[in-house]
Amino acid sequence: MLNERLIENIITEALSTGGDFAEVFVEDKDTTSIKLLGGKVESTISGRDYGIGIRIINGFNSIYAYTNKTDAESLMKIASEAAKAIKENPKNIALNFMNETYNSIHNITKYPKNIGLSNKISVMREASDAAKKYSKEITQVTVGYLDEDQKILVANSEGKFVEDRRVRSRILIEAVAANSNEMQTGYFAPGAHKGFELFEEINVKEYAREAARIAVTMLNADLCPSGKFPVVIDNKFGGVIFHEACGHGLEATFIAKKNSVFADKIGEKVASDIVTAIDDGTIPNHWGSINIDDEGEKTRKNILIENGILKGYMIDKLNGRRMGMESTGSGRRQSYKYAPTSRMTNTYIAAGKSTPEEIIGNTENGIYAKYMGGGSVNPATGDFNFAVMEGYLIKKGKIDRPIRGATLIGNGPNILHKIDMVGTNLDYGQGMCGSVSGLIPANVGQPMIRVSEITVGGRKGE
Amino acid sequence: MEIRDLKEKIFEAGKEIGFEDMEINYISNKKFNCKVFDNSIDSYNISVEGGLSFRGVFNNKMGYSYTEKVDETSIELLLKKAKENAQVIENDDIEEIFPGSPVYEKVDIFSQEFAEVSIEEKMQLLINLSQKVKMLDKRVDKVLFNLYEDHESTRMIFNTKGLSKVEKGNIGIIYFSLLVKDSKDSKSSDILKVTRDFKDFNYEEMAKRVVDEAINLLGAEAVKSKEYPILLRNTAAASLLQTFIGAFSAENVQQGRSLLKNKLGEAIASHNITIIDNPHMKDKMASRTFDSEGVATKKCIVVEEGLLKTYLHNLKTAKKDGVTPTGHGYRNSYKGTLSIAPTNFFIETGDNEYDDLVASIKEGLIIIELEGLHAGANGISGDFSLAAKGYYVKNGKIEKPVNHITIAGNFYDLLKDVEAVGNDLDFAFPSESYVGSPSLLISKLAISGD
Chain A
1 MLNERLIENI
11 ITEALSTGGD
21 FAEVFVEDKD
31 TTSIKLLGGK
41 VESTISGRDY
51 GIGIRIINGF
61 NSIYAYTNKT
71 DAESLMKIAS
81 EAAKAIKENP
91 KNIALNFMNE
101 TYNSIHNITK
111 YPKNIGLSNK
121 ISVMREASDA
131 AKKYSKEITQ
141 VTVGYLDEDQ
151 KILVANSEGK
161 FVEDRRVRSR
171 ILIEAVAANS
181 NEMQTGYFAP
191 GAHKGFELFE
201 EINVKEYARE
211 AARIAVTMLN
221 ADLCPSGKFP
231 VVIDNKFGGV
241 IFHEACGHGL
251 EATFIAKKNS
261 VFADKIGEKV
271 ASDIVTAIDD
281 GTIPNHWGSI
291 NIDDEGEKTR
301 KNILIENGIL
311 KGYMIDKLNG
321 RRMGMESTGS
331 GRRQSYKYAP
341 TSRMTNTYIA
351 AGKSTPEEII
361 GNTENGIYAK
371 YMGGGSVNPA
381 TGDFNFAVME
391 GYLIKKGKID
401 RPIRGATLIG
411 NGPNILHKID
421 MVGTNLDYGQ
431 GMCGSVSGLI
441 PANVGQPMIR
451 VSEITVGGRK
461 GE
Chain B
1 MEIRDLKEKI
11 FEAGKEIGFE
21 DMEINYISNK
31 KFNCKVFDNS
41 IDSYNISVEG
51 GLSFRGVFNN
61 KMGYSYTEKV
71 DETSIELLLK
81 KAKENAQVIE
91 NDDIEEIFPG
101 SPVYEKVDIF
111 SQEFAEVSIE
121 EKMQLLINLS
131 QKVKMLDKRV
141 DKVLFNLYED
151 HESTRMIFNT
161 KGLSKVEKGN
171 IGIIYFSLLV
181 KDSKDSKSSD
191 ILKVTRDFKD
201 FNYEEMAKRV
211 VDEAINLLGA
221 EAVKSKEYPI
231 LLRNTAAASL
241 LQTFIGAFSA
251 ENVQQGRSLL
261 KNKLGEAIAS
271 HNITIIDNPH
281 MKDKMASRTF
291 DSEGVATKKC
301 IVVEEGLLKT
311 YLHNLKTAKK
321 DGVTPTGHGY
331 RNSYKGTLSI
341 APTNFFIETG
351 DNEYDDLVAS
361 IKEGLIIIEL
371 EGLHAGANGI
381 SGDFSLAAKG
391 YYVKNGKIEK
401 PVNHITIAGN
411 FYDLLKDVEA
421 VGNDLDFAFP
431 SESYVGSPSL
441 LISKLAISGD
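Protein chains in written order, with full-length UniProt numbering: chain A, 1 to 462; chain B, 1 to 450.
Hints in this document: simulated from the structure, not taken from any laboratory.
Warning: the hint list may mix true and false statements.
Not everything, but these chain A residues come out facing chain B in the computed CB check (under 10 Å) [what the hints assert, rightly or not]:
hint: 1; residue: Asp49
hint: 2; residue: Ala82
hint: 3; residue: Leu117
hint: 4; residue: Val176
hint: 5; residue: Met183
hint: 6; residue: Pro225
hint: 7; residue: Ser226
hint: 8; residue: Val377
hint: 9; residue: Ala406
Cut-off 30 Å, straight-line C-alpha distance, at most; resulting in silico cross-link-like pairs (DSSO-like, lysine-lysine) [claimed, not checked]:
hint: 10; chain 1: A; residue 1: Lys396; chain 2: B; residue 2: Lys226
hint: 11; chain 1: B; residue 1: Lys261; chain 2: A; residue 2: Lys35
hint: 12; chain 1: A; residue 1: Lys77; chain 2: A; residue 2: Lys91
hint: 13; chain 1: B; residue 1: Lys30; chain 2: A; residue 2: Lys84
hint: 14; chain 1: B; residue 1: Lys184; chain 2: A; residue 2: Lys269
hint: 15; chain 1: B; residue 1: Lys142; chain 2: A; residue 2: Lys258
hint: 16; chain 1: B; residue 1: Lys122; chain 2: A; residue 2: Lys84
hint: 17; chain 1: B; residue 1: Lys224; chain 2: A; residue 2: Lys398
hint: 18; chain 1: A; residue 1: Lys113; chain 2: B; residue 2: Lys83
hint: 19; chain 1: B; residue 1: Lys181; chain 2: A; residue 2: Lys265
hint: 20; chain 1: A; residue 1: Lys87; chain 2: B; residue 2: Lys199
hint: 21; chain 1: A; residue 1: Lys265; chain 2: A; residue 2: Lys311
hint: 22; chain 1: A; residue 1: Lys40; chain 2: B; residue 2: Lys15
hint: 23; chain 1: B; residue 1: Lys132; chain 2: A; residue 2: Lys87
hint: 24; chain 1: B; residue 1: Lys168; chain 2: B; residue 2: Lys199
hint: 25; chain 1: A; residue 1: Lys205; chain 2: B; residue 2: Lys61
We treat Cβ as the ideally placed atom computed from N, Cα and C, and that holds for glycine.
When you get a sec, could you build the whole thing from the sequences and use the hints?
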């Protein structure tokens with residue numbers, strides 16, 4: 001992707017002012033995006049992202065420079081400019097690249113670049129038609145299609161020289177349901193670390209009908225009551241609760257400077273006994289999976305919480321230094337425009353013992369969140385919020401009428417102790433996670449869980 | 001190779017493979033940012049980047065492509081992709097390459113003085129701010145996040161209809177958040193400042209504001225769930241407005257994705273609400289003299305005393321509605337296709353002092369921050385239910401800080417329920433647009449807490 005000799009020169013230049021570590025990240029990414037509106041192709045754009053990121057670390061300080069002027073002269077110039085931020089004697093680090101190879105655990109059978117636009121569009125059209133036909137109340141359907149083929153190379157002054165290729169595909173379906181004075185939306189966006197074969201393996205029509213069903217259900221839903229309730233959160237994208245409420249707080253990004261409520265808590269009980277949580281970047285072809293992270297480290301299965309006990313964090317190289325701990329293969333970044341930091345990959349609560357029927361049946365009066373929207377967290381306080389996309393009341397152990405406009409708020413560490421039932425039906429949902437190092441694909445997952453009490457914010461006082 | 005030379009080569013090659021009108025858009029950006037930790041520089045980032053996008057008309061349809069590898073080797077693929085993309089477009093609305101507006105406003109959004117500020121001064125400013133907050137109150141526990149960032153960017157549009165526009169701008173941002181702690185509680189607060197006048201970064205004033213706010217929030221609790229009159233403080237009101245700006249886009253209106261459809265000339269807000277989009281403010285983030293299609297921008301009254309006056313248009317939507325384009329054609333960098341976005345978009349300042357608004361509340365809440373707007377607010381339906389924090393007010397006086405509550409309502413109802421508007425216009429975190437509002441007194445919203 002970039003001449004090995006040139007990379008060597010860049011690293012040598014980067015270390016010339018006393019840095020103790022330097023890294024070159026090269027990215028070359030092809031992307032296609034298509035938008036279908038009301039069944040017609042509205043816009044499409046394809047392009048190539050290409051650039052180089054240079055990182056220099058000295059102790060705990062880091063310098064990052066990036067450019068897409070990639071001729072040798074420009075690259076040497078930016079390396080030298082970046083190095084100016086350090087003013088020490090060079091440490092004479094000997095460079096010796098060891099080309100690393102491995103077998104990809106993510107088999108791709110249909111690379112997007114070999115698939116014609118018309119095939120991609122016909123999948124979108126199937127989804128659009130299915131959503132539109134679902135009900136007369138569906139007034140608009142938007143379908144987005146994205147694919148990307150990202151090739152990266154990481155080389156550093158410790159001798160690392162390794163490449164990865166990540167192919168991802170996703171379809172985003174949004175249905176709008178409307179009556180004379182209101183509009184509601186439903187959304188589904190399956191994606192994977194796969195090529196076009198994804199759309200042959202999944203039934204996009206079913207996802208589209210589900211998006212339409214959510215919109216129509218919410219159009220005819222009551223306002224959500226306000227107050228504290230037991231809340232049953234279903235599987236798949238429901239895992240966003242763990243992602244927001246705890247996942248971010250377990251990233252070294254926040255732990256290293258003790259800006260997280262979970263700092264210095266390894267070995268302590270942080271959740272109820274039935275909670276085991278994992279971040280696993282190695283699940284074949286999952287949305288958040290990668291062979292190596294964006295610092296060139298192999299991804300792995302990291303146990304975060306086991307039977308309620310905090311076992312580990314997600315750690316990148318720089319924050320690892322501050323913590324005196326090794327990288328866990330969690331260094332990620334949106335693109336060459338970002339310095340890497342610790343991020344999640346596929347993060348989930350492991351399956352438990354209760355069936356979904358038992359969980360609902362044991363809930364006298366509560367809220368059932370069938371599909372979650374997104375949310376956010378303040379890692380320093382642990383306070384989180386997230387939106388329920390499709391919700392229902394639970395009355396006397398049965399799912400009752402639909403409700404809309406529900407937001408769940410609370411405090412991560414508190415909520416973890418209040419998870420009192422964990423289901424058997426573990427499954428995943430796909431999202432884009434935004435944080436310090438940009439927007440990255442992340443899977444969330446969980447089986448159905450019940451939280452004994454959580455504040456539900458709605459528009460109807462009760 | 002210079003962009004101007006590269007463009008000739010692209011247009012020549014494009015003509016050969018059958019493109020009619022063509023355009024290139026080049027955006028380059030020089031960026032600096034730094035963060036400090038424990039009084040020294042923690043991270044330091046520099047970048048020089050650029051991207052080129054091409055769009056061209058092929059059989060009456062517009063095809064798009066882009067590349068960050070800006071050299072001759074990219075021309076063939078750029079044109080091939082754009083042609084493929086044009087051939088699948090089915091939308092019949094006509095998207096055209098624009099020859100240029102008769103007049104363009106002159107607004108200086110590049111400050112030479114700002115460009116000459118040294119890196120040392122910028123880093124020192126952040127160090128000063130970090131040190132100052134710790135001196136102000138011993139309950140200041142730590143700095144959670146701090147960032148100084150500036151951009152110097154150049155936009156160029158050249159097309160085969162003769163348009164040739166270049167605009168250079170710069171801007172600087174400081175974002176700072178901290179945690180305060182006492183024996184029982186800890187609270188965070190943040191502050192944002194955006195300017196192209198370095199003297200505006202007054203670290204002492206910023207330090208005081210962010211520390212005061214965090215200290216005032218210590219001991220916050222939820223309040224009883226019920227409906228309260230709400231004073232939505234300026235930046236909270238601005239961030240809420242920002243979530244719903246899509247509703248004013250003619251594209252969303254035409255596509256049936258805006259509840260403002262068929263509402264032109266109607267009252268959509270209380271009479272004390274006037275909303276303006278002004279791209280010509282010298283000190284504001286989103287100022288520009290031409291939009292992403294090369295159309296001259298102009299000041300635009302979107303809502304006047306509650307009445308909806310216009311939607312925001314690009315060339316395509318204006319043509320469809322048979323109206324004059326408003327200069328709101330927007331492309332998200334060189335990677336996006338054409339859409340619509342406001343520039344500096346804000347609710348006009350009213351004449352109420354903030355303190356008078358607080359004093360007018362018998363029992364209610366001041367909301368200073370809304371969280372999770374990307375998830376808890378639906379840009380289409382207008383429904384929102386958001387985590388919030390602020391203060392409880394009784395008989396015109398702040399009694400206690402409040403958090404762990406949600407505030408819920410509908411944006412369209414809220415616009416009609418504005419009882420008074422403050423004189424304290426401020427802006428939300430910048431996105432593709434820069435959205436502002438004064439503090440708004442709302443007759444009632446549902447609060448969920450205890």
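Worksheet item: Which of the numbered hints are not met once you compare them with the structure shown?
Response: Of the numbered hints given earlier, the structure breaks none, since each of them holds.
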